[in-house]
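The residues making up each chain are set out below.
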Amino acid sequence: MIGMFKRMRPAIILFVIIAALTPMIIGQPFWLDNSILVAIFSLMALSVGMAYGQAGILSVATAAFASIGAFATSIVTTQYGLSPLIGLLLAIALPMIVGYPMARAITRLSPMPLSIATLLLSMVLEVAIREGGDFTGGYIGLSGVPRLWFASSVEGMHVLSWAVVLIVLVLYINLTHSVIGRAVKTARHDPLRATADGVDVPRLLASYFALSAAVAGVAGWLYAHHLTYMGPDSLTIHVSIKTMLMTVIGGAQTFLGPIVGAAFLTLINLYLPASEAQGMIFGGMLVFVLLVAPRGMLGTDWLKLFSRRSKRNVPVSVKPERRAA
Amino acid sequence: MFELMEFVVRGALLGVIYGLLAFPISLVFATTGSVDLAVGAYTVLAVAIAWSIGGGWGIVIAIAAAVLASAVVGLISMRLNRPGMFDHITAVLGTFGLATFLESFILTVYGKDPMARQVFETFWDVLGIRISPQALINVVICLLLLAGLYLLLYRTPFGRAMRASAINPLGASLNGIPVKTIWFCTYLVGGFLAGVAGVLVLYTTGADYSTGLSLTISGFGAAIIFGMNSPLRGFAGGLVTGLVQALSSGYLPGGWVTAAPMIFIFIVLALGPMNRISATGGRV
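Read top to bottom, the protein sequences are chains P and U.
Its first residue numbered 1, the first sequence is counted upward by one per residue in the working numbering.
Its first residue numbered 1, the second sequence is counted upward by one per residue in the working numbering.
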């Protein structure tokens, strides 16, 4: 029981923080709105954390999966008048259906080609959305996506979206500590060893990737019902790089890191000029963080970083150190 | 049938540029094991600078800027790829961040307008197909560069050192080859090629700020079709990629023109030589 509490510490911390913040921002639409956005981006960042932090798959298709989820729910609710819950089911299932075969076709080896494949997927999807005509709303997009009847107010949406984040976080922690989570970690660091341990590496990584896609799909579901509009410019590849930055800043391998990164970047975004220069800031920041603290805010052992005495762990395959000319 | 011929010729002419772009990607992959996603961004940078300055000096400055950008990327990638880092893929993410940076930089400084230049007003009529003299210039420059690269790689001590550090970095460094310097030079050569490709793109099809990623993808596709090791194969891959692009723009409707080549590259990725190393054995 104690071990359970220790393990779930990140989820408990998040719950306490949200419980403490909620009374402070109730009745302030501006902050509630931002809080919902942070929750949605947290989900996407958790998806990146799963794929990149745990499995070592660099996916730039997070926003693409989210937009599959968002468009699925927008189309069923606006065009067929079905319940958003059916939309939720589709938002979970469709990204998995797209993600699994894609990963299966590619992850027979290193994650490198898969990252290129995710780039291709997001570009193809953007084209498909634009060319979808009335079905996807084409260039105009789909407006009038209904709000959720069980969370119609902003407060309700705030509670709902953070509840979803908490549920996903608890499941994610559980999964990471399970046999599957350990197998994923092994497969990431040494596929040969994982195979020797009896793990079907390609299937495992593909399933894990599909799962992370489903988390992004849920984020897209919330996104569509929160903003009540989905268009071709809503969840583009730039959103992907933003979520990637959130995850890396917070710490891709930690549980709370992606959420911290999402909150941090969303708050910073409020004070940035919304213009073309944003890509420079995000791109530059991403490189800077990778250079200075590649494990992110929560993943870096700051004390160790500042006391230079402790030796970094160096793997065996080191090339002899040479002075750069 | 005649129409088909025209598309084939167009595609081949487009493909030589992708062949140029394929080389830096495969070279960087072979030597450092990571993919440089910023190659397309150097190209667009060169396009933008050559477009805004113009003339002979514009071309020189454009290529220099591309080399400079690649030097920055090279330094950063080597820092991210250093031993003790927990992942290879971090370097790829780093180049992706830089590609985003450059794209936004070009958008901020040069705006959204497409950048293109036409030098020649006249067209040659070859068997009924209209060909701009520019196409000939492109082909000649690409072939010359290719020949130069071939000589550099296979006929000079520098090229031997380069190949050695790609195949066996540890052995190369034990033999006194400055592996890290060679790696850095790899990035510089890549930047130079991307810069030249950028100038050619400016005078052929033109580009705007957002073309970078799709150029990278096309170059990557060209690089993987026949294997990542030889510049000649990359060049042939470039021809094929250009062909697919030209054919899809000829026969497919609307927006699928941009999507079809990507689907093609995906198929190559799934079936091609890169995917043949199994997840279990090949420690890529």
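It cannot be assumed that every hint is accurate.
Stated by the list, open to error - So the derived label-pair ranges between C-beta atoms look like this:
| # | chain 1 | residue 1 | chain 2 | residue 2 | range |
| --- | --- | --- | --- | --- | --- |
| 1 | U | Leu271 | P | Gly284 | 48 to 54 Å |
| 2 | P | Leu21 | U | Val60 | 37 to 43 Å |
| 3 | P | Asp233 | U | Leu188 | 34 to 40 Å |
| 4 | P | Asp233 | U | Leu4 | 34 to 40 Å |
To be verified - Here are the computed lysine to any residue pairs in the SDA-like style, where the Cα-Cα straight-line distance is at most 20 Å:
| # | chain 1 | residue 1 | chain 2 | residue 2 |
| --- | --- | --- | --- | --- |
| 5 | P | Lys6 | P | Thr236 |
| 6 | P | Lys6 | P | Arg182 |
| 7 | U | Lys112 | P | Arg295 |
| 8 | U | Lys112 | P | Lys185 |
| 9 | U | Lys112 | P | Arg182 |
| 10 | U | Lys180 | U | Lys112 |
| 11 | P | Lys185 | P | Asp200 |
| 12 | P | Lys6 | P | Thr22 |
| 13 | U | Lys180 | U | Asp208 |
| 14 | P | Lys6 | P | Gln278 |
| 15 | U | Lys180 | P | Leu291 |
| 16 | P | Lys6 | P | Ile17 |
| 17 | U | Lys112 | U | Asp208 |
| 18 | P | Lys185 | P | Gln54 |
| 19 | U | Lys112 | P | Ile281 |
| 20 | U | Lys112 | P | Val164 |
| 21 | P | Lys6 | P | Leu21 |
| 22 | U | Lys112 | P | Gln278 |
| 23 | U | Lys112 | P | Ala277 |
| 24 | U | Lys112 | U | Trp124 |
| 25 | P | Lys185 | P | Met280 |
| 26 | U | Lys112 | P | Ile237 |
| 27 | U | Lys180 | U | Arg79 |
| 28 | U | Lys112 | U | Thr122 |
| 29 | U | Lys112 | P | Leu291 |
| 30 | U | Lys180 | U | Leu153 |
| 31 | U | Lys180 | U | Ala161 |
Calculated directly from the structure, the hints in this document are not laboratory data.
Heads up, the beta-carbon is just placed ideally off N, CA and C, and yes, glycines get one too.
Is the straight-line distance between the alpha-carbon of U:Lys180 and that of P:Leu291 20 Å or less? holds (18 Å)
Go ahead and decide if the range 37 to 43 Å is satisfied by the Cβ distance of P:Leu21 to U:Val60. Since the Cβ atoms of P:Leu21 and U:Val60 sit about 57 Å apart, the hinted range of 37 to 43 Å is violated.
If you draw a straight line from the CA of P:Lys6 to the CA of P:Ile17, is it 20 Å or shorter? holds (17 Å)
With a cut-off of 20 Å on the C-alpha distance, tell me whether P:Lys185 and P:Asp200 pass. Roughly 13 Å separates the two Cα atoms, so the pair holds.
Range hint 48 to 54 Å: satisfied by the CB atoms of U:Leu271 and P:Gly284? violated (37 Å)
If you draw a straight line from the CA of U:Lys180 to the CA of U:Asp208, is it 20 Å or shorter? violated (34 Å)
Going straight from one Cα to the other, do P:Lys6 and P:Gln278 come out at no more than 20 Å? violated (39 Å)
When you take the CB atoms of P:Asp233 and U:Leu188, is the distance between them in 34 to 40 Å? For P:Asp233 and U:Leu188 the Cβ distance comes to about 37 Å; the hint holds.
So does P:Asp233 sit 34 to 40 Å from U:Leu4, Cβ to Cβ? holds (37 Å)
Quickly compare the C-alpha distance for U:Lys112 and P:Ile281 to 20 Å and report which way the hint goes. The hint holds at about 19 Å.
Does the structure keep P:Lys6 and P:Thr236 at a Cα separation of 20 Å or less? violated (38 Å)
Hint consistency between U:Lys112 and P:Lys185 [alpha-carbon to alpha-carbon, up to 20 Å]: violated (44 Å)
The structure fails hints 1, 2, 5, 7, 8, 9, 10, 12, 13, 14, 20, 21, 24, 25, 28 and 29 (numbered hints given earlier, in ascending order).
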